[in-house]
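Chemist: Chain A is fixed; fit chain B onto it per the hints.
Read off the chains here:
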Amino acid sequence: MTETATHTQGGFAPPVRFAVPGRIAVSEQVATRWQTATLTEIRRETARAATFRLAVPDWAGHLPGQHLQLRLTAADGYVAQRHYSIASAPDDSGHIELTLDHVEGGEVSGWFHTVARVGDQVAVRGPLSGFFAWPGDRPALLIGAGSGVVPLMSMVRHHRARGLSVPLRLLVSARSPEELIYARELGPETTPVFTRSAPAGLPVGRLAAAHLAPLLAERPPGGWEAYVCGSNAFAEHASRLLVAAGQPVDRIRIERFG
Amino acid sequence: MNSTTRGFAGRPRAARPGLPPGQYDAGDDWPVLSAEVTPDLAPADWTFRIGGLVTEPRTWDWEQAHALPASAYSGDIHCVTGWSKFGVRFGGVSLDAFLDAVRPLPSATHAVAYAHTGYTTNLPLADLTGGRAWIVWEYDGQPLAPEHGGPARLLVPHLYFWKSAKWIANLELLDHDEPGFWEQNGYHPRGNPWQEQRYSGD
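From first to last, the protein sequence lines are chains A and B.
For what it's worth, our numbering labels the leading residue of the first sequence as 1, then goes sequentially.
For what it's worth, our numbering labels the leading residue of the second sequence as 259, then goes sequentially.
Hints are computed from structural coordinates only; laboratory data are not their basis.
Ideal Cβ positions, reconstructed from N, Cα and C, are used throughout, including at glycine.
Hints are supplied without guarantee of correctness; some may be wrong.
Stated by the list, open to error - Derived coverage of chain B by chain A (criterion: at least 3 residues anywhere in the stretch with Cβ under 8 Å from a Cβ of chain A; other residues may be distant): (1) 266-273; (2) 379-388; (3) 448-460.
Isolated chain B, as found in the complex:
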């Protein structure tokens, strides 16, 4: 349905080239959208493991992860519920640095990300490599807040933000796609904001 809504003009707006279709600029707000209870997870208790179709599965603790080369993301993020946030700054380590250490097998095509809460989300491996994904623990130069996924979360900013699993615990590499938590609940398997891949069937 494309007909116009009587009397609706929308709020005053300037052209915003970085805004994907159907999104609005959240400005300074950073809404929290997690379905589960925020876990009490201290950095000392945080670990991150990559397993599945890799040559050498490995687990990093907080210090070992921080010993990898630092990498930052500056740019925008987009939530499937409609808000986008411009010019955010995250600090952490590129996921490439972790993947280089475990050496994915040629058969690995997809991954499932697991949170310490049990939340899951699936991603094509190609969306996690080539400098497009991070494990981050800083936001705007400060430790990432627990409600935003602290001590550490996955960051895949070119996809809708439900893919950027909070409280990241584990990445399991697979030779097939396997729907995660929201994907089993009707969300799109990939979630590209520029193609408005919100729900299964979009």
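In isolation and in its complexed conformation, chain A is listed as follows:
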């Protein structure tokens, strides 16, 4: 399913420490073709986030962690395009799911949250970018905040659906239990961190070294591959904590929601 990318570089060059995990088998010609997707279900996750299930008849499959490009077209020809992480695990149902925050003033997320209904059609293409993908082949330490949990949940769902035994842990930060996306689905692999309000008995505070220490101490064979996803501020904070705790810098993959 994957191939290792190599560089054949003559002369002096800095080492390419930054590992590309491999490319997916989906052909780029298929991935870059726009397709019509039909909205088949809308599920509310939190007050701000909802999951949109799309039927994509020619979807060629994806790896957990990949994203797609989505396009809305106005009557006057105006086009709005955005990239969204795929929330669902790869399966053969011909469907994919996106979980979108309702961004204030967001023209695309605004359409999804206030206009979209089952039966509506949008254009999508993908899957795109293999760097943040996790094929399920190595121990994965997943760290996300807010809607940054979306591509990580695809990995958790994949792990469960395939009954994988490779270690997987999820550390997810949310402002409050009410804002924790997928709360009902999270299991023993997950440690939630609440930054504004928490259930009785749980501390309130930002992701800290103390949250990472026990997970890093587990040290699975081969070590963790860390996947960090969230706002840039969160990604900077979490990746610095990881480096300070000894996680190799070239085994930290970051998806920043700009």
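Modeler: For chain B alone, coordinates are given in the frame of chain A:
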């Protein structure tokens, strides 16, 4: 697929002549999109080397690079993820000044840019010459922030911004094209925003 989306009008907008197809105006935002950890790289530790198919490979340190004639870019930048940023101002040195010193061989047609993190991106040499590319260390008159590639980054504003390698370390001149980090991950080999060259196959 070109059919319209029911109920979608888009946000109110004025015609924006400088906006390439499929892009939106990020306004004052400058999103950060790096896949790797931001490196701790002090100006004193920064070096920039040009090697490969050149007459005289050379490495510059921070002071030597700053001794070259200053050059600025004022204009727009375009990210493949969809945002464009208008009227940005970068300060640094034209890449022509560096290339003049190493004298590229006639066989050199392409380059791979390397970051101090190990990130790579490929460019035709023609996109790096003729006053169209810079090594920059200032943004809006201030030192370039680490998360935006400081202390110094490559700037090739006429291409999508993943070509403007942050934390630039090295330029290797080649006689062939060799895909870099994102290009190996399915991005377009050149990345011209006006032709929407986002992904391989576009």
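Chemist: Each hint should be assessed against the structure and marked as holding or not.
Modeler: Outcome of the hint check:
1. With 5 residues carrying a beta carbon less than 8 Å from a beta carbon of chain A, the region 266-273 of chain B meets the three-residue requirement, and the given coverage holds.
2. For a cut-off of 8 Å, the count of residues in the region 379-388 of chain B with a CB near a CB of chain A stands at 0, and the three-residue condition is violated.
3. Look at the region 448-460 of chain B against chain A: 5 of its residues bring a Cβ nearer than 8 Å to a Cβ of that chain, three or more, so the hint holds.
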